[in-house]
Amino acid sequence: MSSEEEEEKTTEEENNISDLGVKSALPNSSPTQQSDEDTSLVAQIYDESRAEDRDFLRPLVVELANNVYTIPPEKLNDGEKQIVEEAARDAIPRLLKFSVLTGITQLEPIAYIIATAEHESYFGATLYGHNYMYEYSGERPGSQQEQDYFNNAYGGRNGNDRVNDGYKYRGRGFVQITGEANYDKMQEVYNRAISNPTALERQANIDLSPIDLVNNPDIAADDRDVAARIAVLGMQQGIFRPPNNNLPFFFRVNAPRNERARRQRFENARQIVNPDDRAGYIAGRAEAYYQTLTRFFESGYLPSSIVEFS
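Going by our numbering, the first residue of the sequence shown is number 1, and it counts up by one from there.
I should point out that these hints are in silico values taken from the structure, not numbers from a laboratory.
Where is the CB? At the ideal position from N, CA and C, for every residue including glycine.
Any given hint might turn out to be false.
Label-pair restraints from in silico Cβ distances [unchecked claim]:
| # | residue 1 | residue 2 | range |
| --- | --- | --- | --- |
| 1 | Pro-210 | Arg-295 | 33 to 43 Å |
| 2 | Val-214 | Pro-275 | 23 to 33 Å |
| 3 | Arg-260 | Val-163 | 28 to 38 Å |
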């Protein structure tokens, strides 16, 4: 992004969530109990009276998951790609649900959230013996070598002031938080959001309990509903790379709708998490997810019926 674009970020623009198709009221979290069905969260997202909605969500999730290439694609054989696709079938319904509950309905930012989760964590797949809901070090998980790796990488910054903080506050989640200061900020924003739920959230059969990320950072990886809400809320509010790199700034309802402009928005939006990490590639992945979403939702928005309750 150019310096001129940086200067255009006024406080009003940064906070104008409704301009994006994102309402100002924020989401909540919970561990959701899974059934044995394929895309099992679908059955919980939809009320039985909305069977037709479940029917369109199942093929949507399957098509989105089958579209997974992951990063870097050349390192995945067919069996490993299948593992990531299965992880995607679990993660994508959660990301869709919490996008709507957070007020994000425009397809462009939703496609970008999905592409970011693919890149950052393989949708939480376990590959090569590693659970990618936890940041990868190349060392044996939990070993002294892994602790040394993260303490050397993160110690002494982002609030990591105590011994072993670099390891304790290493990256976790679909979109990964690092650093004690960012865990603390995310905990604050998350708990403030669920303390004032929207009417839609109040009807939802999901947990609105506060979380303690600072003392129990593993929640960000182990509870996948919490991880999905963190991914959506963190990108919406600009927590991953403060200050003020957030979805509302990069995706606006009145923005040009042509493909070239959209691809540029996707590329610029990498500022939200990590501008130095394959912005162009992730933009291409977001475009692929966007094209799939628009085949199901021609209006350009995710319908609120994505979240229906018994």
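Supplied distance hint 28 to 38 Å, evaluated on CB atoms of Arg-260 and Val-163: Distance hint for Arg-260, Val-163 is violated at roughly 50 Å.
Taking the CB of Pro-210 and the CB of Arg-295, does the distance hold inside 33 to 43 Å? Because 39 Å falls inside the window, the suggested range holds.
Does the hinted range 23 to 33 Å hold for Val-214 and Pro-275 at CB? 27 Å, holds
In summary, the one numbered hint that this structure violates is 3.
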